[in-house]
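Chain by chain, the residues:
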Amino acid sequence: MSTPFRPVHLVAHFPGVNANTVWSAPESGSQIDFASFKHFAQTAERGLFDYFFLAEGLRLREQNGEILELDVAGRPNTLSILAALAGVTEHLGLVGTLTTTFNEPVELARQLATVDALSGGRVGWNVVTSPDAFHGGNFRRGGYLPYEERYERSEEFVRLAKRLWDAAADGVAHVSHHGKHFDVDAAVRQPVSPQRYPVIVQAGDSPAGRDFASANAEVIFSRHSNPADGRAFYADVKGRLASVGRTEDSLKILPGAGFVLGDSLADAADNAERIAAQQVSAATAINTIEQLWGQALPGFDPDGPLPSFDPVQEGVIRQGQVRHFKDPKAVADQWRSQAQREGLSAHQLIIKNTARPSFIGTPHQVALGIAEAVADRQSDGFVLVPHLTPTGLDGFVDTVIPELQDLGAFRTEYTPGETLRERLGLPADPPGVGSPDAAAAAPGRSA
Amino acid sequence: MSTPETTQPPHLALSIDTADLPAGAAPLAALSALAQAAEAGGATALILRDALVADADHGPRGLDASLAAASLGPLTSRLGLVVEVPSAVTEPFHTATAAQTLDHASLGRAGLALRTPSAAEIAASGKRWAAAGAGTGERALLADASDSLEAIDRLWESWEPDAIIRDVSTGRFLDRNRIHDAAFAGETFTVEGASITPRSPQGRPPVFVTVSTAAEAALAGQRADVALLAPDGGASTVPDAGWLNPVRALADAVLAEAAAERSAGATEAAPALWLALPASLPAATIAEALGAARSACLAVAGVSLRLDAGQAAPGAVSTLLAALGDAVPLPSHAASGTTLRAALGLSPALNPHAAARQLRLQEAI
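These protein sequence lines are chains A and B, in that order.
In terms of the UniProt record's numbering, the first sequence opens at residue 1 and continues consecutively.
In terms of the UniProt record's numbering, the second sequence opens at residue 1 and continues consecutively.
Watch out, some of these pointers could steer you wrong.
Here are some chain A residues the structure puts well away from chain B; computed CB gaps all over 10 Å [to be verified]:
1. Glu148
2. Tyr234
3. Gly299
Covered, in the sense of this in silico footprint (three residues per stretch, anywhere, with C-beta under 8 Å from a C-beta of chain A), are these stretches of chain B [as the list claims (entries may be wrong)]:
4. 40-54
5. 57-71
6. 100-109
7. 117-126
8. 165-176
From the structure, some residues in chain B lie toward chain A, with a derived Cβ separation under 7 Å [said to hold, decoys possible]:
9. Pro74
10. Phe189
11. Gly193
12. Ile196
13. Thr197
It is worth saying that the hints were derived from the structure and are not from the lab.
Here the structure is a predicted model, which is why all the values come from computation and not from measurement.
Heads up, the beta-carbon is just placed ideally off N, CA and C, and yes, glycines get one too.
The following block holds chain B by itself, in its conformation from the complex (with noise of 0.2 Å):
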């Protein structure tokens, strides 16, 4: 069976770790070269990894993803910008509020893409773990983050999009009826009241979750809109047949957890199936990975490829994307000025408080 989205060109980003940055240069400079690089080149998002500790995959002088995404935001036009961040061992308020931030300065290219923290981000992020009084053991992490990712859309959908009514006549800047607490009350936390940065161009910033287990393919099936397939961690040498399956089921659980999830007449669809790949691969293995993927029915939509210490470079990226470019259609260029909901293909983001009041209008009618 195909799909429509299978015959579509897939999406590429490309995922950096900032600590891999050429070391020297002055880190805006650097990043914001690369981020140039990848936009003239046709990438659809950049997709900034991030731990709160160094360890094996992430260097000693990595920058905070949330920042170094704002500060890209007014020196960049069409690409998204995706920040990773760990739950559990950050605030939800703030990693809304920065979400928040990053798509009002970028005017609609935030992505968001939460992950459970490891056990050396639980041990360096104080007491406040050990306050919450909740388990540390994977399945107690996913719960965390899937609560973290419902207060944060309860925060971002906390301002309808015209709550700020600046009306002379009566004195009043706000409307407080079209502002909702996020009321978010889940097994460890809280979050009572509403989010105190008015609703941004996208609403709600795309969500990517990263899938190597069956556990967050349920994370990925339940909250995200694109789910990165990385069976080993996207640390994949060679695509072979091997491959595929693992993919496949991965692919496989996302999709059911989601038409679970969705079976309740949620309006929202199943998360798109991205590949994540290292960039290190042949540009022509790439095509072949995606080409096999597309014909064992999988509809993958994009593809994620990570670049190591040596290709976080502009010339690097440049050279990389029109490779890619020659071996697989890339999609064309989003406008600038064009959000990462709509280049994702995703429907505007519709406030769930506006709607309702919307419906009762017209019952009153």
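Next up, chain A with everything else stripped away, as it sits in the complex (with noise of 0.2 Å):
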């Protein structure tokens, strides 16, 4: 059959600890009970979706130096419930994030090939650096890394990797590595992974990140989920494959987007909005606010209007999370103008300018707006986030799946024994394979 449309790669983000997910309905479920994980996991397979990601934090988020109550918190260790879920799903990717800067290469190296092993090659990585000193805390060497090297480490470490697993695929018993960032000799003991490399995830946005990307992600995990952001966004990391000389399909790009279901786009509207207020609880609300302000606000009234004296600079310290303000004043003053203008309260006016979800409508206009999205060349598909846990995904699945396959936009069925890189149409020799840093491994084979 023909269509319009590319296909659509799908990815089922478990909502666990994210800002927006919904603990206080009844229908919120354990963020950490493994039946949660094993429910997600098995509603996604069930919808053929691509991969299962699971993000990570190292420490519990603070701000003002205590331990944030407002937030879902509390997660697994990410390899650990990746390897448990290997065994109760049969084709599902399984992606988590895992940081260069906490962990070594041997280890992660070998632990990321064991379950690649376990799962018959369904795992991918997404590489992250972690360069601050509060989640050092937690570690043997503290905060020891500077800003500006931490992606030089990442890129050791990720070449380093690359030796181990060519080294357990092509025999060499022994690999040696003296570089600025490892001193590493170590007789390889690690089952061969099935796609030689996890596919490689990246999502950070900075230059460095995207030199990151262009010479090693063949998924980038991005922000850009509006069209024209998307558009742009795709057009020029896709424009720089070829002077590193990769193709344009090595590499998928897919936005992370909500969505809210509805039985017509009205009711579907209705939802977005309860949804929302459940996501901002009035806590949450004057949290927010005490963030743009600066400043802890004692007795402050959700229902009533917002301060009316002006924010002061990073009198609040959030950490643990990407902080979102800033030019507080100028948030301020808008925040302000709208409220009045629209007549709503502080409480209200949170709520209200809570990110969207990228996707409201029925099962049909939600498959149609992926779908198109897609075509355009926004993106290669989305990573969708849920905001319930362990259900959210279960609608998505029951009814937007089959509109999706109606279009002829998305697989209906799973290829038997595929690797999870065959599964996202890359190439099958992933970037680095082959390279001149592969061929200098040479000497250990003799080792």
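Given two chains presented individually in distinct reference frames, assemble the corresponding complex, making use of the accompanying hints.
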């Protein structure tokens, strides 16, 4: 059947510890019981998703030195949950975030090879760096890494990891590496990774991050979910690939996206309102205002107006999470005039300004929106972030997936035995295979 | 003198290196078939031996033990899953959350066997060990292992059982007063924050320590729930009269250290003593070794049998366990859903922060 659409790739992001995860609804389940992970992953597999994704944060979030109480917290060890899910899924890709800052190459390369072997070639690694001393406080070396060296260490880490995966695949017994960040002599002990390398995912958007992506990444988990930004980012990133000898299909761009379904557009919009109100409790609204205003606001009434005085700079320190206000005074002015114009209380305003899901509508409308965005080269698919654990994907799988299939934009079955790399339509040889650096590993063969 | 434990049937654990699994088979299929055979045959636990690098004892294709065990969690229902982890070259924080996650995924059947790393593992671990500025002698490594277990324990206990409150009226998911920083400061490293993982079903997965030297006996006496007595690294071929003396010396050293450690009013029991033996011994010889140890008044609570390459297959495991069941009375099967702590006869781990809160409440009344 011919179709005007390109094949859509879909990722199931476990909601767990996201600020927009609703924990107060009766149907909100455990964020840590294995049954929740099993339900979510098996639902994604029933929906023929490309892969399951779990993010990581290596310290509980704090504000002003105290653990943040308002959002869901408490997550599993990323690698361990991927390994456990390998046993209860058959086809689904398994991708997690793991930092190159507080791991070491021989151990992590071996762990990823282990999960790839256990799952029969279904693993991906979202490579991140974590330079700050706050997270470092939980690790042997503390906050040891200067900010500007974080991608340098990451590059050396991934290069060495690839040599270790190559060594296992090619029967090389010993790997030595002596560089700025690592001194390693290792008699290789790890299984052959069925994919040779796990699929490399990258999420950073800084210039260094984009350089890292064009050299290494096979998937970019991007933040550009509105159509114009998405189209520009897609063209920019795909345009860089030729200069590093890569084809356009060797890197998939998958933005994060929320969705809300309904029986009609109006019904879906009502559901979106209700969910936004669940996402932003009165306490969360006050906390957001305190963050912008840079100070604690004891006794503040969220049902009244916003504070009439101006924010102070950098008074409230949120740790363990990216902070989102660049010019507090300008944002405060904008919020106050919007509240006055629309007659909103402080709480109502924060609800209203909560990031809206990318896709709101009937199952058919949502499917069409996704398929058209991919056809329009805003992305190659989406990382879907539901608002409920563990059932947030159930309705999507039951109703939107069949619509996407009817449009001819989504697979109707898994190909038995395919690796995650094959599923994503990536070239068989990942970046780095056969590179001069890999050839430089040759002396290790005699050891 | 005979203690009550000597009358109990001994626990049986099988210990494997995943590098010895049959070649050619899918690793998860081979591993789960072996684990299920161990479970069906009445083993209390499967111990997954591990090392970061290949050497004479560790084959080149070995899986990461923690992750292999995690994959077995949902595929087994009674078997304890004990993972060997080298200290010093691993992060206590990662080791703690991996064991907690294994415990969540197995509904309370995780165990941790920490050991000091080899020189080859240190050489493979990058610059981290050098950066810590610590020595690599036996004493320094044992001190680091002891510190690691303390830090891991604090992380395991960092969330009180009821820290998640979901209080809609105040908008609070957590009660931050029920989450506690590890706040561990040792000689060579610190761990500041709480675990990222909420309290696991067992709270504190049982800690196993293999004891081949006096220094390891001290570590086991301080920190272990189970001491695996292995005078010659567990490789004895025929336990004879000469075999019992070093076993006894190690057992005495473990118990002496435990008594000293616990004299300060600690409520924890001394470690259970297990024998580590090769699975290649005839069942009758294993029964004799156990009998000899018990007649010599050693309260041996279990035996860990080391499977070698030819034995790491489900058929061999079933045959071995059937032969042993005829020679040695094994404990009746743990019920499905039983935690490893319960199967081992350990009392439920009480969270010290919650206990202190309870005490304060009682004093206030």
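Report the numbers of all earlier hints that the structure fails to satisfy, in ascending order. none
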